[in-house]
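Chains as they are written, first to last, in the numbering used here: chain A, 1 to 256; chain B, 1 to 260.
Keep in mind that the hints are not guaranteed to be accurate.
Stated by the list, open to error - Lysine-lysine pairs mimicking DSS-like chemistry, simulated, CA-CA at most 27 Å apart: (1) A:K125 / A:K103; (2) A:K51 / A:K34; (3) A:K203 / A:K250; (4) A:K209 / A:K51; (5) A:K125 / A:K106; (6) A:K250 / A:K222; (7) A:K103 / B:K199; (8) A:K222 / B:K51; (9) B:K170 / A:K153; (10) A:K125 / A:K62; (11) A:K222 / A:K49; (12) A:K136 / A:K125; (13) A:K222 / B:K246; (14) A:K90 / A:K222; (15) A:K103 / B:K170; (16) A:K153 / B:K246; (17) A:K49 / A:K75; (18) B:K89 / A:K106; (19) A:K105 / B:K199; (20) A:K24 / A:K34; (21) A:K103 / A:K34; (22) A:K222 / A:K203; (23) A:K90 / A:K233; (24) A:K222 / A:K34; (25) A:K154 / B:K246; (26) B:K170 / A:K106; (27) A:K203 / A:K62; (28) B:K46 / A:K105; (29) A:K51 / A:K105.
Unchecked claim - Taking CB as the label site, the calculated pair distances span: (30) A:K51 / B:Y115: 21 to 27 Å; (31) B:L62 / A:K51: 51 to 57 Å; (32) A:A88 / B:G106: 35 to 41 Å; (33) B:P108 / A:K49: 48 to 54 Å; (34) B:T40 / A:K106: 47 to 53 Å.
No lab work stands behind these hints, which were simulated from the structure alone. We treat Cβ as the ideally placed atom computed from N, Cα and C, and that holds for glycine.
Spelled out from the first residue to the last, the chains are:
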Amino acid sequence: MFKKIIVLLMLSMLVAVSAQAELKTNSEGMPIIKVASDCTWPPMEFINKDKQIVGFSVDLMKAAAEAGGYVVEIKNVAWDGIFAGLAAGKYDCVTSSVSINDKRKKAMDFSSPYFEVTQAVVTNKDSSAKTLADFKGEKVGAQIGTTGYFAVKKTDGVIAKSYDEVGLAMEDLYNGRLAAVVCDNPVAADFALQQAEYSKRMKIAFNVKSNVAEFYGVAIRKGNKEVLELINKGLAAVVKDGTYDKITAKWFGTAK
Amino acid sequence: MKDKPVKIEITDGAGIPAKNDAGLISAWWISFIGAISIITYLVVTKPDPYKDILMFVPDGILVTFQVTIFSIIGASIIGLFTGLGRISKNRFFNLIASTYVEVVRGIPLLVQLFYIYYALGRVLLVPDMLSAIIAMSVCYGAYMGEVFRAGIDSIDNGQTEAARSLGFDKNQTMFLVILPQAWRTILPPVGNEFIALLKDSSLVSILAVADILRRGREFAAESFQYFETYTMIALLYLLITLILSKGVSHMEDRLNHYDR
């Protein structure tokens, strides 16, 4: 019995080791990087009506891949557990509007930053709140494990509610169960201003003040230099040749 | 020759350690002592993160218990009336009860939770905790209805005939003669449903109800310690269901007392 257990353990270690192996290449010899995105975060990454994964970061990753001489395969993975899958080697990187922060840096490596965000607070149109502290005793929602949720949790007296998807939090705000939802500003703008039904009742009230600028980065498994270098090379190339500005203009109307 | 009645019980609840089942009793003790010692060992030897996790989830345990207890009360009430409806000779009540059971059993609990919370949220605003309890009650009420029906069916027809000939009317017969006897048959499976319901209550974490699982996920999402967090969550659920199944087994023993 114990022999069997030991054999099983060794086998599972073998699998774990092989997951760390080098990148596979496609028929043309270009390395394939497997990318995980939680596609519930419009306009950064989401599923369109044709069930395709689209968005700003999708276009950016594809352009960077072309410039950097590699191929990306994007997979839709639920946010809750997306980093566990990265650590387990199920994919090579996470491009899912991941804000770079110190806590995450301990668990994973980051590419060079590719987008600056702030945390925006979406409320009902009639709300007069100016800071998060104004929601004392009220429920404020955010997606689980996001910088928006951490900001809510840090605010004393506010009841923090964590949702699996930011869309579910927005729906609860629309229905009146929440006083506010906190998320990245491009996403807040998409929900509160672009969606016809939501824009009737909701507005972006203010941004959460922070003394440190917040940037998105591509999260890469700790120590995986190969992928890190490829992605940084690609990102640098698209910024240099102006493709980055074109993609920004396509998704946000104005070049930043 | 009269065949010995075969009784096959399949439930989603934990195995109930009955007195005559030595294997299950040892298994219960092994799991129970195992779970407690692993939790203690982890918390003592690696307080970071195991103690932190343990300190993070208690309010979640409370929420899980609240949802479970209120749902079991709600489900029992719905179940009683469904069971009565299912055996009713009144075509109308019978049809309502049967249709309810048929519809509810055909929809997954997860979908029911989404439906009551998000879909109905557009028309009727039910607070999160209450909608979790309503959804669980409605779903388990259908299962309990079948338990009640079987319990009432198990009481010999002679009891009804005797009560009726003594001048009891239909309702008196049901509530004063049949149901008090049926309780003894009904209670053990209700205990089972209770345990099954507690486990299924982990589904309410999708409604942003802060139960054990949601608290664990919040901890894991912030610390990235998935292995440690879910180990602890699994052990906690195991410990709670083990204690409950022991409780149900005691209850069964006390009820059996009357049969001797």
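For each hint, the structure was consulted:
1. A:K125 / A:K103: The hint is violated at about 35 Å.
2. A:K51 / A:K34: Between A:K51 and A:K34 the Cα gap is close to 19 Å, so the pair holds against 27 Å.
3. A:K203 / A:K250: At roughly 23 Å apart (the allowed maximum being 27 Å), A:K250 and A:K203 satisfy the hint.
4. A:K209 / A:K51: Answer violated: A:K209 to A:K51 is near 36 Å, above 27 Å.
5. A:K125 / A:K106: It is violated: about 39 Å lies between the C-alpha atoms, which goes past 27 Å.
6. A:K250 / A:K222: violated (33 Å)
7. A:K103 / B:K199: violated (32 Å)
8. A:K222 / B:K51: holds (26 Å)
9. B:K170 / A:K153: violated (58 Å)
10. A:K125 / A:K62: Roughly 38 Å separates the two Cα atoms, so the pair is violated.
11. A:K222 / A:K49: violated (35 Å)
12. A:K136 / A:K125: With Cα atoms ~18 Å apart, A:K136 and A:K125 stay inside 27 Å; holds.
13. A:K222 / B:K246: violated (46 Å)
14. A:K90 / A:K222: Holds, at about 14 Å.
15. A:K103 / B:K170: violated (69 Å)
16. A:K153 / B:K246: With Cα atoms ~38 Å apart, A:K153 and B:K246 exceed 27 Å; violated.
17. A:K49 / A:K75: The given pair, whose Cα atoms are some 17 Å apart, holds under the 27 Å limit.
18. B:K89 / A:K106: It is violated: about 68 Å lies between the C-alpha atoms, which goes past 27 Å.
19. A:K105 / B:K199: violated (35 Å)
20. A:K24 / A:K34: Answer holds: A:K24 to A:K34 is near 10 Å, not above 27 Å.
21. A:K103 / A:K34: Holds - the C-alpha atoms of A:K34 and A:K103 are around 24 Å apart, at most 27 Å.
22. A:K222 / A:K203: violated (39 Å)
23. A:K90 / A:K233: Status holds; Cα separation ~23 Å.
24. A:K222 / A:K34: Between A:K222 and A:K34 the Cα gap is close to 15 Å, so the pair holds against 27 Å.
25. A:K154 / B:K246: Roughly 41 Å separates the two Cα atoms, so the pair is violated.
26. B:K170 / A:K106: Measuring from Cα to Cα gives roughly 71 Å; hence the hint is violated.
27. A:K203 / A:K62: With a Cα-Cα distance of about 32 Å, the restraint between A:K203 and A:K62 is violated, given a limit of 27 Å.
28. B:K46 / A:K105: holds (23 Å)
29. A:K51 / A:K105: violated (32 Å)
30. A:K51 / B:Y115: 21 to 27 Å: holds (23 Å)
31. B:L62 / A:K51: 51 to 57 Å: With a Cβ separation near 41 Å, B:L62 and A:K51 fall outside 51 to 57 Å, so the hint is violated.
32. A:A88 / B:G106: 35 to 41 Å: holds (36 Å)
33. B:P108 / A:K49: 48 to 54 Å: With Cβ atoms ~26 Å apart, the hint is violated.
34. B:T40 / A:K106: 47 to 53 Å: violated (28 Å)
The structure fails hints 1, 4, 5, 6, 7, 9, 10, 11, 13, 15, 16, 18, 19, 22, 25, 26, 27, 29, 31, 33 and 34 (numbered hints given earlier, in ascending order).
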